[in-house]
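Participant: For reference, the chains in residue letters:
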Amino acid sequence: MSLVSLCLAKQTDYLNIRETVEKSLDLINFNFKNDVDKILIKPNLNYYWDYSTGYTTDPNFVGILIDVIRERITSDPYIYIIESDASAMKCKYAFKILGYEKLSIEKNVTLVNLSEQKTEKKIVEVLGKKLTYFIPNIIQNSDVLINVPKIKYMKDVKLTCALKNIFGCNSYQKKYVYHKNLNKAIIGINKLIKTDLVIVDGIIVRGVNTKKLGLVMASEDPVAVDSVAANILDLNPKSVECLDFSLKEKLGNTSYITKGETLETVKRMFPKKEINNKIYEFLISNYMKVLR
Amino acid sequence: MGSVHLSNCIKMKNVEVIAVADKSKRALIYAKNIGIKNIYTNYEEIIKDKNIDALIISLPNFLHKDCAIAAAEAGKHIFIEKPLARNILEGEEICTSIEHSDVKGMVGYPLRFDKRYIDLKADIENGIFGAVITASTSNISSGPFSSRGQLGRPVPVPSWWFDKELLGGGALLDLGVHSVNLFRYYFGDVIETHSQLGYRFNMDLEDHAVCIMKFKSGTLATIKVGWFSSDIIRSLEINGTIKNISFIQSSPSKLKIISSDIKKKLGLTNEYNSFYHEINYFIDCLNLGIQPIPSVDEGLMDLKIISEAYNNQLGKNSNALIRD
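Note that the protein sequences, when read in sequence, are chains A and B.
First residue of the first sequence? That's 0 in numbering that gives the first Met the number 0, and the numbers climb one at a time after it.
First residue of the second sequence? That's 0 in numbering that gives the first Met the number 0, and the numbers climb one at a time after it.
Keep in mind the hints are simulated off the structure, nothing from the lab.
Fair warning: this is a prediction, and the values are worked out from it, not measured in the lab.
It is possible that some hints are incorrect.
Stated by the list, open to error - Once the Cα atoms are required to be at most 25 Å apart in a straight line, the calculated SDA-like pairs of lysine to any residue come out as:
(1) A/K154 <-> B/V154
(2) A/K173 <-> B/Y29
(3) B/K24 <-> A/Y171
(4) A/K91 <-> B/S158
(5) A/K89 <-> B/F227
(6) A/K271 <-> B/I231
(7) A/K101 <-> B/G197
(8) A/K211 <-> B/I232
(9) A/K271 <-> B/S229
(10) B/K163 <-> A/Y171
(11) A/K91 <-> B/K47
(12) A/K157 <-> B/D203
(13) A/K154 <-> B/S141
(14) A/K154 <-> B/P143
(15) A/K106 <-> B/D203
(16) A/K95 <-> B/Y29
(17) A/K89 <-> B/N272
(18) A/K151 <-> B/S141
What the hints assert, rightly or not - Rough simulated footprint, nothing fancy, chain A against chain B, three-plus residues with beta-carbon under 8 Å:
(19) 155-167
(20) 199-206
What the hints assert, rightly or not - Residues from chain B shown here face chain A by an in silico Cβ test under 10 Å; the list is partial:
(21) F144
(22) F227
(23) S229
(24) N310
Idealized CB from N, CA, C, for every residue including glycine.
This is chain B alone, in the form it adopts within the complex (with noise of 0.2 Å):
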């Protein structure tokens, strides 16, 4: 996701990036060739730095908390990928930090940022689909086996994405927390959770799950994740006492990508529209003095869900990934 920001933020006009920091060579050579002139390995360097207004931390999850707390002590504001962190305390902190050091904190949800997704919320508020009683998502993709799903060569994966320690959580964490938000925001607060974990792939984190939200709303939502499948489908269906609607967004075709592509090097499209929006309202936000959402108190909160769903695993006993 890094790369995906740094192309987007040196398209804007009010931002300048002064430095790239990444342990991937690959990285800070696509860095340098695009004309960032302070190349780091470490993130540390940054901080250190007192030009920078502003950080985008785009790291693994384990780095978060340091990363960011080190950061809102030394007055940068922050923007901070999903999740928010491993953990809850881990998330506490953070939110701590930020607060304490009056600095400006955002957490990098995507969905929020598409204007499908917040056209939806509008119909929602409305009452378009009546009373919402059944909300539904599916995020099912290869996760971190990226190269299962893509054209081309096969990747490595980083080692931390096999380490439930590093992690913090598998598919529900990783990929259910963008529901979670996205349900919060349109039906408000979460009175049960529940969930059903599975481990295809007999890893210590689980590569699918199902979850199971109750709102204080009425609303029942399901959330279904995985990491397992070379195919991409991403879902939204939404069932009210007046109307339904869903969208589906599947694997393009091969031909699409290639046009995609084609289409993105020529300068006609931005494949990544809801990422350069997120990033370029939380510039807004930090030249207008205003408190950019979602809060990294909002990724606190997510986080809390994910918890309890993780301890209120259906048909077991609690398996805590995410501990308090």
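Next up, chain A with everything else stripped away, as it sits in the complex (with noise of 0.2 Å):
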């Protein structure tokens, strides 16, 4: 069993953030290696929408968990907030919009496009389907991963969160090639990259519709996380084809005890679909499937 926190602040203001961000990783007893060099954080950067939406990472959550990270650590390591460009967005857009180029400056770390960088081909089996990725030696070269996704509703995959913002870590920008076998391509990349933090902002969130929450969720696994924010979103996990994928594959637990909150508590307060917008969805989605 895996240890995932669920920590609600009570404001949203800067010190009430970072006391949730501390206490979450306290409640996992989570502690920064010392001696580290390198350390990648990973937000969710997706198109062009801004963080007030729920779509993307917060800039000023990840502010203040650099703020928490040189605080815990005395090495004073490098920092480098990555991210790779997709089919529809272009990171040196994206960084500067979504307000990270801003961050870079203030917090001194560095703003690193994946699909710029030097990369290694690997290949790897995900349940007899062999998928091909470009893997950036940034990565393959760091001391520590922090992953820091977002929890949202997917058509196709029904939810993502921590395992499927690790599939930004590819630097191949035609990501729409791997939208045929989007579970196996999410899984293959996390066999490959191992998180060490995941540190869900959940201080907006996305459900049917955007809601303040104030959650902020940790663990060192990502398949509980993951596991954790479909109860949250009221799906089955073994109806997460991704979930069920992860568990073949070993990549973590789908079991899991939290600390902190109740999982009841923070399923009530999420924006969850209600039944009659989950017909019209699958109605939608059919309708748009024959017409295009």
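From the two separate chains plus the hints, produce the assembled complex.
Facilitator: Written as structure tokens, this is what we have:
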């Protein structure tokens, strides 16, 4: 069983969120290694959505995380914020538009477009399917990788959180080529890249609508985080193919122990899809398939 | 917009679409599929073609000037999408070239061909509102980040949308120019313009703005524009000494999008009615040998107003993006 902390900030100001981030780390007994030199932080940048929509990781949240890291690690490591180009998003614009360029100046950290990095081609097999990735050397040479995802519904894979966010570590820009086997592609890259810490930015969440929730989740196990996230979204974890595959590939635990707030409390507060919305979405997605 | 104009033109009986030029393969495939014989990747090929009488320019702002001047010098009439150009200087060059070449030029302002807005002009002139003291418009959307506000997968944003040199201005130029033109149509000459610009997305271009205009008629008008929202709102409010009016056009629901999609596929509706009417009117003017309006001179005046708004930023020294 893996530990997952669930913490709710009383207010969404700097001090309250910082206190919540620290509490979430303490509840899972997470300690940063002290002799680290390179730390990578992977936020979830999706298209050019403002963080206030709940689609992308809030740069202020990442800023708080950087402050916590610097306070807890004595070796003054280099900190890099990483993201890669996607089919419809270019990092050079996303970093600027979404406030990460400003953050990098304020916190003296480096922004890295993984699509411009030297990579190594890697082939991995996921449940009989061979998949090719281009893994940036900077990831392979890092000491700590921190995954800072969002919790969201996603049409194709139902849930996007910790496992899906690592998909953005593949430097290959035309990510649509993986969409046919997206669940397997997500598992494949997680087989190649191990995260040391997942800390979920649930300050603003996107369920059926957007809500300021003040949630911070932390765990060392991305599979456990996604299992909790599925539960919060009221999805049966067994129906989330990605979680099923992750279990088969022994990437982590779908069984977990939560600390802090109860899962029921968070679940109640999360803006979930109601049954009529689910029917509505089903009708629309099928209509779109027929039409396009 | 090019594909909207193209699909409208092929429905018109008095128009033959001879050629289409576009850098986008997808756009050219679309043109080919609907039966356009001459497909080019460069607009210069169209300008060389002597069988072509008129050109619809629906290009990025930085290409307006060169394309319009080349077309005018080749003796082709021009319909050009708003804004006329990136700045006053380029706008003046386009106007001079059209004048010297003795061709007709028109700027695309679809609100001028929307019945609701046309009727309002008559109501204002007939004194239905009394004296119009204040007026306002809002035009808030996702702007160039269209996938923020649409059903379906995100599509890439062309890089020129991020470049202030290539665009000439941000949301105020892109969206505000519609309202500037509409308000000038309603209230006449502008005597003073100010603005306040906002940069939520840290770009070199403003992604939202408020512009205040004072008219010779005494009307005070505000224009609110933004590229920041996944929701859409377009509204107009007129406040007179006798009567007020407001209309709001907001994001259609997904069901409404689908039903209009089905209607469009069945040929029961034309979503882009005002775009159809503006091109139809342009063609009629060419056939009758009369000057279409809004003319390029109107487009130039709108650019001058926007330029003044950039130069007169409230609480800030001049930081003009459009330069004279």
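Participant: Taking the hints in turn, state whether each one holds.
Facilitator: Verification of the supplied hints:
1. For a cut-off of 25 Å, the pair hint linking A/K154 to B/V154 stands: about 17 Å separates their Cα positions.
2. Between A/K173 and B/Y29, the direct Cα distance comes to roughly 23 Å. Compliance with the 25 Å bound is thereby established for this hinted pair.
3. A C-alpha spacing of about 22 Å is found between B/K24 and A/Y171, which places the hinted pair at or below 25 Å, so the restraint holds.
4. Under the criterion of a C-alpha separation no larger than 25 Å, the hint pairing A/K91 with B/S158 is consistent with the structure, at around 11 Å.
5. A threshold of 25 Å between alpha carbons decides the hint, and for A/K89 with B/F227 the separation of about 18 Å falls inside it, so the pair holds.
6. Taking the CA atoms of A/K271 and B/I231, the gap is about 24 Å. The hint holds against a cut of 25 Å.
7. With a C-alpha separation of about 16 Å, the suggested pairing of A/K101 with B/G197 holds against the 25 Å cut-off.
8. Straight-line distance between C-alpha atoms of A/K211 and B/I232 comes to about 23 Å, which keeps the hinted pair within the 25 Å bound.
9. For the hint linking A/K271 to B/S229, the alpha-carbon distance of about 20 Å falls within 25 Å, and the restraint holds.
10. Pair hint B/K163 plus A/Y171 does not hold up; C-alpha atoms about 29 Å apart against a cutoff of 25 Å.
11. The straight-line distance between the Cα atoms of A/K91 and B/K47 is roughly 38 Å, outside the 25 Å bound, and the hint therefore fails.
12. Only pairs whose Cα atoms come within 25 Å are accepted, and A/K157 paired with B/D203 is rejected, the gap being roughly 37 Å.
13. This hinted pair checks out: A/K154 and B/S141 have alpha carbons roughly 22 Å apart, not beyond 25 Å.
14. With a C-alpha separation of about 24 Å, the suggested pair A/K154 and B/P143 falls inside the 25 Å cut-off, and the hint holds.
15. For the hint pairing A/K106 with B/D203, the CA-to-CA distance comes to about 22 Å; that is within 25 Å, so the pair holds.
16. A distance of roughly 34 Å separates the Cα atoms of A/K95 and B/Y29; the hinted pair therefore is violated under the 25 Å criterion.
17. Our distance criterion of 25 Å between C-alpha atoms is broken by A/K89 and B/N272, whose separation comes to about 35 Å.
18. Annotation: proposed proximity of A/K151 to B/S141 holds, straight-line Cα distance about 21 Å (limit 25 Å).
19. Counting residues of the region 155-167 of chain B whose C-beta lies closer than 8 Å to any C-beta of chain A gives 4; at least three are required, and the coverage claim holds.
20. Proximity of the region 199-206 of chain B to chain A, defined as three or more residues with a beta carbon under 8 Å from a beta carbon of that chain, is established by the 4 residues found.
21. Checking B/F144 against chain A by beta carbon gives a least distance of about 5 Å; that is within 10 Å, so the hint holds.
22. The interface hint given for B/F227 is met, as the beta carbon of that residue sits about 7 Å from the closest beta carbon of chain A, less than 10 Å.
23. Interface hint at B/S229: satisfied, since its Cβ lies 7 Å from the closest Cβ of chain A, which is below the 10 Å cut-off.
24. Checking B/N310 against chain A: minimum C-beta separation of about 26 Å lies over 10 Å; hint violated.
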